[in-house]
Every structure is written in C-alpha cells, then in structure tokens.
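Put the two chains together into one complex, using the hints given.
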Amino acid sequence: MKKIKGINDFVVKFANVNGTGSASANHLFAKAIFRMGIPVSPRNIFPSNIQGLPTWYEVRVSAKGYLGRRGGVDLMVCVNPQSMEKDVASVEPGGYFVYDSTKPLAPHLKRDDIHYFGIPFTQMCMREYPNPRLQQLLKNVVYVGALAAFLDIDFSVLKGLLNDQFKGKERLISSNVHALEMGYHYARDHFKCPLPIRLKKGGNSAPHIRESEHILMNGNTAAALGAIYGGATVAAWYPITPSTSVVDAFSQYAERMRIDPGSGKRNFAVVQAEDELAAIGVAIGAGWNGVRAFTATSGPGLSLMSEFLGLAYFAEIPVVLIDVQRSGPSTGMPTRSQQSDILAAAYASHGDTKQVLLFPATPRECFDMTADAFDLTERLQTPVILMSDLDLGMNDWMSPPLEWDDDYQMDRGKVLDAQQLDEVEKWGRYLDVDGDGICYRTLPGTHPDKGAYFTRGSSKNEMAVYSESGDDYVQNVDRLLRKFETAKKYVPRPKTHDPIPVKNPKTDLKLGALFFGTSASPSYEAVEMLAKEGYPIDTMRIRAFPFHASMDAFIHSHDLVFVIEQNRDGQMRRLIINECEIPPGKLVSVLNYSGTPITARKIARIIRETLQSDDAKANVVPLHSETV
Amino acid sequence: MSYIKPKFRHPRLQKNALGFTVADYDGAISTLCAGCGHDSISAAIRNACFESAIPPHRIAKVSGIGCSSKMPTYFLGKSHGFNSVHGRMPSVATGASLANRALTYIGVSGDGDTASIGMGQFIHLIRRNVNMTYIVANNGCYGLTKGQDSATADLGSVAKGGAVNPFDGIDLASLAILQGASFVGRSFSGDKEQLEPLIRAAMAHNGFAFIDVVSPCVTFNNHTGSTKSYSNTREHLEPMALDFVPMREEIRTQYAEGSTQSVTLHDGSVIHLHKADSGYKTDDRMGALNAIQSGNDADRILTGLLYLDPNSKDLNTNLNLATRPLNELGRRELCPGSKVLDSINEGLR
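Sequences listed follow chains G and E, in order.
Sequential numbering from 1 applies to the first sequence in the working numbering.
Sequential numbering from 1001 applies to the second sequence in the working numbering.
Think of the hints as simulated: they come from the structure by calculation, not from any bench.
Note that the coordinates shown come from a computational prediction; the quantities given were computed from them, not determined experimentally.
Possibly wrong hints are sitting among the right ones.
[As the list claims (entries may be wrong)] Examples of chain G residues lying across from chain E (beta carbon under 8 Å, computed):
1) 225
2) 231
3) 236
4) 275
5) 282
6) 288
7) 293
8) 308
9) 445
Note that the Cβ used here is the ideal one computed from N, Cα and C, for glycine as well.
The following block holds chain E by itself, in its conformation from the complex (with noise of 0.2 Å):
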C-alpha cells in the first residue's frame, strides 16, 4: 500500500467544459487494501464527475459505515463529505438533499451497510425517490470486521475459512426495481467502460438512481469458491456496453443499424446501449425483474442499465418545494412576523 500520494501530473492533462482537470477530482489516498474493487469505483466516480463537468464543490459525498464508506475520502477532496452512521446514510441523504436541493448528492454505501443494518432505510429511500446516486460496492463480506459473511453474499458461496453460506443472498438490483426504483443499475469495479457512463447517468437522473457494483474483497473474499472474487465474477460476466452523452452535448459516434438503442433522460441526455440482443427494454420493470432473474438462475451476472423511469417524480417534486434552496431562506421568508402571532393569539382566547 502507498502512503504517499505523488503530487505529479501531467502539464498537459486534458481539461472538461469548466476548465477542470481530472485532478480537481482526485481525493485523499486510499487506506483500502491493494487491489480493492472500491478504489477503482472511486476512480470511476472520480472521472465521471470530471467527464460530466460537475463543479466538484457543488458534489455533496455521504455514506454509512465500512470500507466502503470510507471511499469518499478518496475521490472529490473539494466537495463536502459526510461519513455517518452505519446503514442510516439514506436518512442523512435526504434531509442534506432536503436542505439544498441545488446540489449533486453520491451516497456510497456498501452491502452490509444497505442490505442488513440499512435495508429499512434503503427501501425508504427509494420511496421517496430522493434525488441521489446511490452507489454500492458489493462485495458479499464485512472487510472491517475480517471477512464474515455479508446478506448479499451467494447462496453456496464458500467463505476464506471454508464455510459454504447456506443462505439465499439478497439481489439489491431486484430489491430496488421491485420496490420502484426509477433507475437501476448493476455493474462491476472491474468494468469502468460501463461503469464510468453508468454514474454518469445516474447524476443526470431526475431521482433516486441506483447502482450496484460487484466490487471484490481482495483480502477475504477473492479464492476459489467466491462468487464474488475477481475471476468468478470476470467469469460470468454479461455485460451491457453503454454509452453517455450529456445534454447538448452533439452525438459524433455512429453505430451500426441495430445493434444500439437511445434512452433519453430528463435533462435530455442520451444514455446508448449496445447490446448483441438489443431487444431490452429498459423501461419494462417485469422484464428487467426476469432478465435478472434469469441471469440468476444461469450463473451469469447482467450488469448495465436494468432500469429506468425517465419521468420519474423526485421527492423534491412531490413535497411541492420551492425551488430556491431550504438552505438560502432567511427571516423574511421565515417568520411570519408578530401581526400573526397576535391573530394566533385572538383565536386562542
């Protein structure tokens, strides 16, 4: 592991729409073990904010307890960040997303983090839609605490000490399709072609987007018998390539009658998806359920963009709120002043 992180970059590294290079993402160096799937997430949420020219100070960072919500240490060191409490990160979310409703909100959490201690907050988090990117490495263990078994964790998966896990793991994509996520996705830290547009997406999503990242424990979980090592997972890959462009953002690539079809976001971003059966739809919630399924059932992980709901209603919509943010109102708009107090009074008596 390095404990120095070099200073050096390229005089010439390229600069996105706002003049920023890539190291105006970059964070504090990771502590996670050499080798972890979370810090190539952190590079892919690095790259993609770089990509998307996101102002990295208007980027709120939250996430719960674990190695993987550590990680916003590590990537976008000029935005704010909040490290809360272990699986109620979805609840800091949305007050902080309630507060200033004009900011980007990336929530890394992890499986033991969403699906066990936060699975109560998780699902209402999708409920309400809050406008977020919700992102979870998912590496089938507890690193932290040296490697037990996680709820995500496969059914027959064996354990670095030989245990096989007699329990059915939970599918967090499913979970959140199922629960009306208006976007789903899956992928693998392995994969940052997918990945890196995948984040993109999601924070150009109007809504709760979801990801979830098969991200492997080098330390505990990476042998044979893992589900979620690094070549099982390589192994039964079934990948969706896809392709982001922003909004008014001119579309330059040319492809092939066919093989692409074009999701339109909110925003008027274009997210293309290539596939050999490009008959998927992603906005047939039963048939991204059974493509799931199905993949399930055949040992073959499918990962890209399962879902979404371009139309979606986000919690600040439906809570009717104004569009200047909570956060900017003073007294004026406040406190209605003593002339009322007074009105209140009269009907008291």
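So that you can see chain G by itself, here it is in the shape it has in the complex (with noise of 0.2 Å):
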C-alpha cells in the first residue's frame, strides 16, 4: 500500500469535541512545530456552539512556507465518535489515520488504501488518572505525546511550552509531562516510528520566512495592538463572533500600557454597547469630539452600523471599524470564515456613499493598517474600515514580527486650534481651500467665539449653515467624491511580485490574478503550482479601496484575469467592474464559500479548468496578437 512521504511537508487534522479542552493541547502541537523552526498554519474550523459538537483543528506544515490551506489530509487524529465517518473518508490515499482504540473500530470505516493506528487513549487516562476531568483534559495531551514519536517532534521543545505555559504550577507541568510520555511509549512500542511523514528541525526552506525572526499570533490580537499603538482610546463595541477578541485583547494591553502613571487612572475607556448601533455611535460621537476611536464588528454588527457609517460618510466624522468578516448573510455560519462584506462595506449607507476599506493580509499587517487607519480617519475625515476576517483574525498565522518607528507623530488631519481661527481669515466648516476635497474642522470647545458649527448629515451649505437648495447638495457631495479620489493617495498600494519563469508555456494568453486578505497565500500557492504546469500568471494582491490606478493597468495589461476571493457572488470582481473602466469580461471568478478557508489546490483546479475549457481558448484573443 501506497504510503505518503513528505518531511516538514503534510498537513494534520485533528477531530475533536468541543468544549473538552482540545484546543490548548492542538495549540501545543503546533506551536512545538513552530519552535522547531518549521513553517507552519493551524487553523480552528468549529461550530458554533460552547460544548459537545464536533470541533477540528487543521495543521499546515510546509517547508516552502506556504500558510494558506493547502486541501486535503494526511494524517488525521480523531478523538471524536460523532464525525469519524467523515474523518476517514477525508484522509487522502496512502495518508493516516490514528483513533482511539478504547472501542473497536466499525467495520464500515475500513479503508484499505490508509493507514490505521488505534492507540486506546480513554483507556489509558482512564486507568491512570481518578478525575474524569483530568481524564477527558489529559487524553488531549496523549495523543500529541504519540504524535511527537510519529513525526518527530523534539520532546525537549514540548515539554518547554508546557514549562511557559503552567510556570511555577509545578504538579500541572509534571501531570502533563507524564501524559506526553504515555502517548509517545505507547506509539513507539506499537508502531514503527517515525512515520514516512516526520518533522526537520530548522528545515525551514522558504526564503520569505527565513528572512526575519517570527512571531506566531492571530489577527485580532495585532488589530489591537495597533489600536494601543495609533493611539485609540476610546472603543465602543457589541460582542460578536469572530470579532470579539479584538477589543478584549484592546482591553488588556490597555490595562496593562495605558494607565496614568500619576493617578493610576485610565487613558482609555472601553464600552461594551448594547448594540451595535450604539457601538459605532459612541464611535463616532468620540471621533468627532477629537479623539481616536473604534469598534469591531462583524456581518451582522456591519449591517446594524450602515445608517451610522453613511452619517459618519456625510458629516465627515473620523471613525475606524474592524470588520472580521463571517459567512453571512445574517446570522449565517457565526464561525465559519468568508470574505462576504466588501460590497456591504464599500457602499455601507443609504444615498451615494463609498467607504474607505483596508484589506490587511497577515497579522503584521493586521497591526500597521490598523494604526495607519487612525491616521488615514483622521487625514481624509471619514469613516476607515478594516477588512478582516475569521481566518485571519482568529487563528494563528507566522508572521514577520510587529515593529514600530519610535519617531512616529500622528496625522491628526486638519483640525485648526483656537490660534490658527485667530488667524485663519475665514473659516467654512466645508470650505474646499486646498481642493482636495478635505476641509478644515474644529473641535468643540476649542475657542469662545470662532470655529463653532452645527454637525448634521447632508443638508448644508459650505459654511455648515442648514440648506436644502440642490446646488448645495451637489456641491457638498461632488466634494465629498474629490475627497475619495484623494483617499488614493493615502491608501496601501497593492502588492505585485517578480513573474515565476516558466520554461514550456502551455499558453499564449497572458494571465493575471487578484486576490486579497486570506486568499492571497493560498494564491500565491497555486500560482506557484500552475507555473510548474506551464501557466505563467502574474499577481497582484489588493490592499485597499479605493483602488489604486496600478490595478487598472494591471487589468489592462493582461487578457484575463483571475479573481480569488471567498463569497458567493465574487464581490470583489463586481466591486472592480463598478469602479474601474475595465472590460468585465476579462475578469473571471476563482471561489469559495463553504464557510472553511479557500485551499491551493481549488484554487490551481479552478484555473486549471477554465484556461483548459474550449471557452477560454476560443473566446480570449491574446493582447499581444491584437497589436500585430
């Protein structure tokens, strides 16, 4: 039988319950793989629910340094009953499959093309610890001791996790220990090991990932951060899957670097709303009383915020919204992860509004665009939304580690102070005097007598006086759409990379691809793979909206061009069509909306299909044949 070999390159599933306290031990299991100096990208796929269902956790090893889902089994660990039938058959031929032997096996879950290890795990604990508890926790803990004998973990390296992770509880590291040892005899004693699939210490390959020492975290966790570091201090929020994380960890680094050292008092405040309607208010009423302020939301949080992102649009009100996105619509799949907002943010509102849209790619990113998104608010006086999601947000992801530029000073936009309405000559709250659509604002209680203005939606004339007259109206938002054209000068320019060389091309057509956020590593993944099989395709990932005059060029310069993003109705590919003058067709759709993260291998599949259908070959006629 077929065995699947592959050293620091596989990927592991794990089938647990949730709610059994699987997840530290799965953290465990891939963090000790990261410490071994290997690429790795674990991912949580659960339901949502707090205890009993079924709950997995996938781990991407790759020695490229490939961090999207890649498709597919290897390995697979199931602890859990209620879903081994699907668990077996997701394995892939020659791949592996350990389980928990307590019970026999069903005689419908034999396959004969993979590779079975029964390790009778509830057994074992059950033996050896009183405490059911301690039993169900410590089984988590077994099954990565057997783990660790068949890939080759270095049990030096889990048994220092364990030391940071329970320091100074002594008994519980011991307890731990000991179970790690347990699943690693038994696997030993019973099966050849290592398996043809193992671990290298430090065979790490990929360049991209060599080049800078890096930190494993998720996405919300950076937002925060760079929430602390732009210098937000007032966040208002309703708590949401999968955002929630995000102003929690705002509110412990808060807590801990935000403290007035004189009165021990706060430099911040948090507010958990009651909505989320009353989140982006408080938002915005803190925005436009002169401090740095935002919420997180989700799908349906963003939905909720739409009549308060379209007053914000008009009044002209600086206000950062972190949108980890979720399958929609409505409650939709509250844990699964999409790209399914980007038309309901980029237009959020009633009437003709467009928003600002950052779409950060990895944690680091996560972390500098959203302190730049202060900067950004507050420069163009309008509301910046992040664009995240559960994938990024939620899981863990390798990423260059954070930095920061101590000379860093804010843009704080333009905003007069009581001395420059002394000396400004006159003062509109919408005069347009530098003509890039950007006008000058005060704050309240800045000066007795000057700079005082009523704030309301659109009807106003250029000195904020109330108006209803359409030369008015027109004025004020054929200013407002100056100002979006501006934006582009502010916003991250997307990111292109030096073509794969391809010896043979099995085409003439000259092919591109956009993508963004989490779709971008399996992208570049599939890339590489399609190039390998004499499809060369040039990149372009996109890093905000409004896009950037690059993107059209790019549509431009190519015959057709792929769109990877992760909704039903290919957003993004829409979105571009609204937005620039490009010819629709040219852009076709790569995606997925399964709710679990889009993987290489439908992406390359995909592609594969299209540029192989008699379609593709008949109806696109080269650029380059044209100019003959």
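Structure representation (structure tokens):
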C-alpha cells in the first residue's frame, strides 16, 4: 500500500469534541512545530457551540512556507466518534488515521488505502487518572505525545512549552509531561516510528520565512495592538464572533499600557454597548470630539452600523471599524470564515456613499493597517474599515514580528486650534480651501467665539448652515467624491511580485490574478503550482479601496484576470467592474464560500479547468496578437 | 413665522459673571411653527446657561432627529452641535462625553426620538449614568411626519383626525426613575419659572440628568381632546416651584419656615423646593414613583424635581477615567513604543 511521504510538508487534522480542552493541546502541537523552526499554519474549524459538537484543528506544515490551506489531509487524529465516518473519508490515499481504539473500529470505517493506528487513549487515561475531568483533558495531551513519536517532534521543545504555559505550577507541568510520555511510549512500542511524513528541525527552506525572526499570533490581537499603538482611546463594541477578541485584547493591553502613572487612572475607555448601533454611535461621538475611536464587529453588526456609517461619511467624522468577516447573510455561520462583506462595506449606507476599506493579509498587516487607519481616518475625515476575517482574526499565523518606529508622529489631519482660528481669514467647515476635498474641522470647546458649527448629515452649505438647496447638496457630495479620489494617494498600494519563470508555457494568454486578505497565501501557492504546469500567472494583491490606478493598468495589460475571493457573488470582481473602466469579461471569478478557508488546490483546479475549457481557448484573444 | 432674526439688542443688557449677555447664548432663528412649545424650551436652555454663566463654547449640544432635535440650532450659536441619527443621540453623547469630560453636554430629544426608536439607547444611557443633561420635548406626536401618535400619547387622547389612542402612553419620568436615573425632573414648556432653575440644577448635577418637558405641538396636537394641548396641560398641572442657587453663591432669599426644603448637589449648588406639602422627598425613589403614578391616576401632571441622588457616580468615574480629557492626550501618553513591542514579540515566539 502506498504511503504518503514528506519531510516538513504535510497536513495534520484533529477531530475533537468542543469544550473538552482539545484547543490547548492542539495549540501545543502547532507551537512545538513553530519552535522547531518549521513553517506551520494551524486553523480552528469550530462550531457555533460551547460544548459537545464536532470541532477540527487543521495544521499545515510547509517547508516552502505556504501558510494558506493546501486541501486534503495526510494524517487524521480522530478522538470524536460523532464525525469519524467523514473524517476517515477525508484522508488522502496513502495517508494515516490515528484513532481511539478503546472501542474497536466499526467495519464500515475500514478503508484499504489508508494506514490505521489505534491507541486506546480513553482506556489509558481512565487507568491513569482518577478524576473524570483530568481523564478528558489529558487524553488530548496523550495524543500529542503519540504524535511526537509519529512525526519526530523534539520532546524538549514540548516540555519547554509546558513549562512556559504552566509557569510555577509544578504539578500541572509534571502531569502533562507524564501524559505526553505515555502517548509517546505507546506509539513507539506499538508502531514503526517515525512515519514517512515527519518533521526535521530547522528544515525551513522558505526564503520569505527565513528573512526575519517570526512570531505566531492571530490577527485580532494584532489589530488590537495596532489600535493601542495608533493612539485609540475610545473603543465601543458589542460582542460578536469572530470579532470579540479584538476589543478583549485591546482592553487587556490597555490595562497594562494605558494607565496614567500619576493617578493610576485610565487613559482609555472601553464601552460594551447595548448593540452595534450604539457601538458605532459611541465611536462616532468620540471621533467628533477629537479622540481616536474604533469599534469591531462582523457581518450582522456591519449591517446594523450602516445608517451611522452613512452619517459619518456625510458628516465627515473620523472613525475606525474593524470588520472580522464571517459567513453571512444574517447570522449565517458565525464561526465560519468568508470575505463576504466587501460590497456591504464599500457602499455601506443609503444615499451615495463610498467607504475606505483596507485588506490585511497577515497579522503584521492587521497591526500596521489598524495603526495607519487612525491616521487615514483623521486625514480623510471619513470612516475607515479594516476588512479582516475569521481565518485571519482568530487563527494563529506565522508573521514577521511587529515593528514600531519611535519617531512616528500622529497625523491628526486638518484640525484648527484656537490660535489658527484667530489667524485664518475665513473659515467654513465645508470650504474646500486646498482643493483636495478635505476641509478644516474644529473641535468642541476650542475657541470662545470662532469655529463653532452644527454637525448634520447632508442638508448644509459650505459654511455648515442648514440648507436644502440642490446646488449646495450637489457641491457637497461632489466634493466628497473628490475626497475619495484624494484617498487613493494615502491608502496602501497593491503588491505585485516578479513573475515566476515558466519554461514551456502552455498558453499564449497573458494571465493575471487579483486577490486580497486570506485568499492571498493559497493564491500565491496555486500560482506556483500552475507555473510548474506551464501556466504563467502574474499576481496583484489588493490592499485597499479606493483602488489604485495601477490595478486598472494591471487588468488592461492582461488577457484574463482571475479574481480569487471567498464569497458566492464574486463581490470584489463586481466592485472592480463598478469602479474601474475595464472590460468586465476579462475578470474570471475563482470562488470558495463553504465557510472553510479557500485552498491552494481548489484555486489551481478552477484556474486550470478554465484555461483548458474550450470557451477560454475560443473566446479570449491574446492582447499581443491584437497589436500585431 | 419670522425669518429674519433681529440683531438689535438692548445696549445695557445684563451681564453674567463671565461678562456675557444673554445674546451671547442665542442661536439661529427658529424654523419651528409659531407658538411651538419647543421654542420656549430653547429659550429656557439659553437663559439657564446664561444664568449659570457657563462659557458658551464649553457646551456641546447633541440631538437625534425630529422637530425636537432641530432645536439645538436655535440656542447657543457659539457651541458645537451634532444633529445625529434618529434615536441614537445617546450613543453619540456617550462617546463625546468620554472623549472630553471637561465640557457640559446638553442632549435634546423628542418623544418619538426617545420613547420609540431610541428607547434602547435611552435606557442604556441612564444605566451608564453619562454626565449630561437630557431634555425630552414631549408633545405626544410626530410633527415632521404630520401628527401621528407617539409612544407617549396618553391613553384616550384624541388625535387631530379624531382617532382615540387605545394604548397606554410611556411615562418617561417613571421609567427613568425605575432604571436608576440619578436626576429626574418633569416640567412644562410654558412654565419657565420652574423649567429654567430645573435645567440649571440638571447641568450642575454630576451624572445623567433627565427632564421630561411637556411641550405642546401647536399644529398637530393642541386641540380639544388632546391631553398634551396647552389648555389641558395648564388645567392639570401640579407644579412644584423651585429655585436654584449655584455653588459659591450666597443664599439671599428668605423662605418661610416649613414652606421649603433644600437639596444640595455634588458641586455645592443648592436647590430650594417650595410646595404646600413640603413633605416630598426628592431622595425617595419609591415615593417619587408613587407620587407620579398617583398624579397620573388623578389626571394631574406632577412637575418639578422628582428624584435626585446627589451622590451619583457618573460613567467617567465608574470607568476610572483619567481627569485630563482623553482628547488632550498625545503620542507620549498613548503610544507604548518599540521596546514594549519587542517584548510582546518575544512572548509570541
């Protein structure tokens, strides 16, 4: 029988029951690989439930540093009888299946093309530990011990992690180490270890991973730190998966870093609001009054915030919104990832609105872009929305370390203080003095008799006086459009890479791929796979809306451009068609909207099939042949 | 309706402690219907701010949507104002107050804006005890959409078209007391003798101060059969007279023994209550609720300072917020710097 082989290149998946303490054992496994210097990307695939339902943890190990999902499972660790049938079926031929053999495996779960390793985890733990809770918790540690034998995990690294985790609690350390050893020895004694798939310390061959000393963190924590470093002082929110940990982390860091040394009082405020409407209302009220304020939410919250986002757009109030996207619409699947709020966010609210969006792809970008978002929102006097998602926000990602320039100066934008108000000849809140669509604002309480104005939605003139004149309205919304043009200068530019050389290309077409956020990592991998097959594809990673002019150029200079994203309707593709002067037929959607993150294999398959289809061959005329 | 505001002011207008005249607290000319109760409330707010000598620019006005929420344009033209979203002024006020605790916040809302679309935010504003004065101009109907009943319309009140309201009205004052509001007053737009000192006391109060003001709608709800008309309100009013003496000001008036009682606010200001039955206790929550409900049952509108907790702790205090306004903090106070970040990185390896 075939055996899947590979050093530092495989996928392990754990099938657990949620609420049984598996998360920390699984994290221990992933972190050990990370500490061995091997690129690793773990993902929680979990139900919207507290206890009792199936939950999975998928760990990709990739010497080449691919951090997106590959697709397929090489080694399945199954400790949940509920999901066993599907779990058995999901293993690649030649793969490995580790299961709890306390009860014999049902005959219908036997496949003849995969390798079985039965370990009586439950029985071992019942014999070893008197306490039922301990039996349940340590069972997870026992299978990590077995994996240490199967995959050659450095045992001292595991011990070191337990020491870090349970610092000062010697009894916990020794009981965990004992459980690890129990699993390790059982596997060693009963099976040939290690397996043909295994780890090798320091076998890291990915240049972009080697470049800097990496960290392992999730995007929500990184965004929270970005808000701390960006100078946010007011956070208002309503709990919603998967964004909850953004404000949780912000509160925790703020309690450490934002206490006034003299008085012991807080230099920040966190308000858990009654709903998302209030959450963004608090942030907008605070932004209007001159602080950096933010809220974090997910799809349903974004819908609720739409009215206020329109007001903030028209009233030109700085506010940052962190949208950690999940499957929609409405409650959708709250614990499943998608990139499906693109259109709802880009045009959030009624009337003519366009919102500034940022698309981070790594925790490092969650940090940088959140901090930058506060500069952007105050510079542009308009809401800025960070478009993260569950996959990025809640999973641990290897990321370059966070960096901070101590010479950083906040860009507070065009705000007049009392002295400037005295010096300025004529001031009107909505006078476009500089021609960039951005006007000078004032804060309440600044000057005894200058600079006061009444903030309202759309009915106003340049002097902020109430007006329902059509001319005033048109002038105002046209200026807002001018401001949106100005935004292009400030938002992060898209990223391109040198094309991968392809020796004997199978196509004359000039191919491109556009993607963003968590679709990026598997897209880069798919592009490399396809390059090997003879399909050269240029890439561009979108990082912001409004789109940069170089994206139009990219689309114009290619025959076919694949837009890779995680929603049903190809929302980014539609946004591009809406906003750019490009022939829509050039843009081909590559979609995944099952709720689990898109895989490199799926992207490659869709692109390959498209290129091999008769349609593509017949209908697409290469650009360079036209110019002949 | 006038549409040009006369600029003439008496040359010897009285000045307050800061040297401002009442004209310094004026706003733009009102565009509400002539005779609208709301204009009297605007005047009362203007006069209260003048009398209490608050620098106009140190006041921030916030409102939601509706006739009531247009009001902030018509007073305090030297103050910043924010006409926000229907029913959502409480959240905007909360954020503004957190950003700069040093300003005085006046929120103006209506019965639709507060008791219907904004009920959720209103209740939570009370719960958080945001330091502000919140005035509801209560006329029992929707003016801008032409006279529909609001949620505060009384049971049995007759609408202009003749329909009798079959629903119990929401009594905002009772609701506020029940939810733990630390300052609850009720008044009538036509009773400036009472309304002005009540607003002054509300602004001096440390915490959320709520005033429900019956403010008749002359266009849609001022006819026979309406319980919120001028005549019906006057007929059934049971006012509690009061004076307000700000902190550091000498009490000059002499009151007859037993006819008044004094309530001292957190900042040292004093409110004198005059009432035939001076046994009313403003610090008795159950008593206040009883008095309001008994009044409602007897078709009497009890107005005055209904409940006060002078020791209330506002949101800023409960959040242990720094004394210095958050909007004055800069990079030095807010940004932990690269060394701290390095140690965070270290913990993530």
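Hints, verified against the model:
1. Annotation: residue 225 of chain G was flagged as interfacial toward chain E, and the flag holds, the nearest CB pair being 7 Å apart, inside 8 Å.
2. At its closest, the beta carbon of residue 231 of chain G sits 4 Å from a beta carbon of chain E; the interface hint therefore holds under the 8 Å criterion.
3. A least Cβ separation of about 7 Å between residue 236 of chain G and chain E falls short of the 8 Å threshold, and the interface hint therefore holds.
4. Residue-level restraint check for residue 275 of chain G holds (minimum Cβ-Cβ distance to chain E is 7 Å; threshold 8 Å).
5. Checking residue 282 of chain G against chain E by beta carbon gives a least distance of about 4 Å; that is within 8 Å, so the hint holds.
6. Checking residue 288 of chain G against chain E by beta carbon gives a least distance of about 6 Å; that is within 8 Å, so the hint holds.
7. With its C-beta approaching chain E no nearer than about 6 Å, residue 293 of chain G sits inside the 8 Å limit, and its interface hint holds.
8. The restraint placing residue 308 of chain G at the interface with chain E holds, with a minimum CB-CB distance near 6 Å, inside the 8 Å limit.
9. Interface restraint check for residue 445 of chain G: the shortest CB-CB distance to chain E comes to about 5 Å, inside 8 Å, so the restraint holds.
The earlier numbered hints are all upheld by this structure, with none contradicted.
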